Amino acid sequence: MENKLENLKEKMDKTVLKDVYFDDKHARHVLNTIKKSEFKKREFPLKNKFNALLSVSVVSILFLGIIYFVGIQLNLLDGPERRPAGEPKETLPLKEEAASIEENKEAIKKILELEFTGPDEKLMDLMWNPKYKTVVNGQEENKEFDQYIEEKYGPYFTESGLQSFIAAFGGTQYHTFAYNSEYQLSFKDAMIEQNENNPRLFTFIAKVGYQKNGEEEKTVNVEGKVLISTEEKGKIGEFQYGNDEGLSDKLRE
Amino acid sequence: MIDPAENLNREEKLKWLMNAYGNDVIRLAFTYLKQKELAEDVAQDVFIKCYEKMDSFRNESSYKTWLIRITVNRCKDVLRSWHYKNMYITNFFKQQTVPSLDYQVIENQENELIAKHILKLTIKYREIIILFYYQDLSIEEVSDLLKINANTVKTRLHRGRQKLKESLEGEGTIHGK
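Protein chains in written order, with this note's numbering: chain W, 1 to 253; chain X, 1001 to 1177.
It is worth saying that the hints were derived from the structure and are not from the lab.
Check each hint, because a few of them may be wrong.
What the hints assert, rightly or not - Far from chain X, some chain W residues (derived; all Cβ distances over 10 angstroms):
id, residue
1, E2
2, S57
3, L64
4, N75
5, T117
6, L227
To be verified - PhoX-like, lysine-lysine: derived pairs with alpha carbons at most 25 angstroms apart:
id, chain 1, residue 1, chain 2, residue 2
7, W, K133, W, K25
8, W, K25, X, K1053
9, X, K1064, X, K1034
10, X, K1165, W, K25
11, X, K1154, X, K1064
12, X, K1036, W, K18
13, W, K105, W, K152
14, W, K14, X, K1064
15, W, K4, X, K1165
16, W, K9, X, K1076
17, W, K131, X, K1163
18, W, K9, X, K1064
19, W, K133, X, K1053
20, X, K1120, W, K14
21, W, K143, W, K110
22, W, K133, W, K143
23, X, K1013, W, K133
24, W, K152, W, K207
25, W, K25, X, K1154
26, W, K152, W, K36
27, X, K1064, W, K40
28, X, K1124, W, K4
29, W, K235, W, K207
The model shown is predicted, which means the values in this text are computed figures rather than measured ones.
Idealized CB from N, CA, C, for every residue including glycine.
This is chain W alone, in the form it adopts within the complex (with noise of 0.2 angstroms):
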């Protein structure tokens, strides 16, 4: 019996295990996997101090507060210089509304062109090619990377937007699942309508098509919702893929 079982690995590894090997794919899958737990990561450095926070800004409110309430008895704050300062409230004219508001389409169709049309090889190349990385501090950087997209998707975001994009939101991942499975992505249409009850919500409906190695064509409906910025006016604060009807399972599977 023993000298059956020498050279074990050869003997299995010729046969029952033969079919069995770590391929490029599984180890794509692996980077892939980690480089998104990461992103995550860095997206939220305050939640550890965040209590902190909480407290620090309760105090502030209270203590503000009461500086309000005895300036108001004192009549300090009450003179008459500030009353004049109350301006007409701000409003947009009808027609400027409804420019911004094609406008605000536009920048979100944009993007859906953006991250539908691919995999876009350049962006990908900068992704996972590690001579764009380099360490700093122990933190990975990749100067390259984060500049295109700043080019890319820049001026349709506002800064924090973008990177919660990025790094949150599934942004560019579409582009990842198609060029690992080798998929054409393309993007056809969108239907963007704004919200009826809060005029900074849009909601999308993007049709999608993939196809692989010349066969047929397949499209699904990607929804998601936008929230445009208050502060920096027609750039886009919030950007999330809701159902896909299960695209990126498939571009995975």
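Given chain W, work out where chain X should sit, using these hints.
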């Protein structure tokens, strides 16, 4: 101990490990789970975990035994899960009903026969045989890895060989050899 990956950063080290030990990990997982898809999932999990724990690796063991330890633990988690038991049963029926011709022909070859019979052993004996003969670990290493007494390892190794022999002889009579 010389660390060939000493000067690499975490990601490069991971790539190096996947390249050097990917097949070992996935094949070890297969000997536990006997399903390619599950073995693939486990191997990927193992390397993700290995990346997370990279900094805690202190060269007390070799990379190989370290990875084997993670793999064995992960496989046992999977074996314990309801999902696996369920899937195993479905697969069992599939295997019973579709014996391909190829399979029959190759099975006659001795190596394949031994390999198949090893996979048929219960996990208790199978893992000892695999770790000792296939992975080439010493009795002490196996004992340390599985957290069982060295004497128990020896006994199981002995019983495992015995069972394998019986199982192979049983095969012989069925096929009239």
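Structure-inconsistent hints, enumerated in ascending order: Those not satisfied are hints 1, 10, 17, 25, 27.
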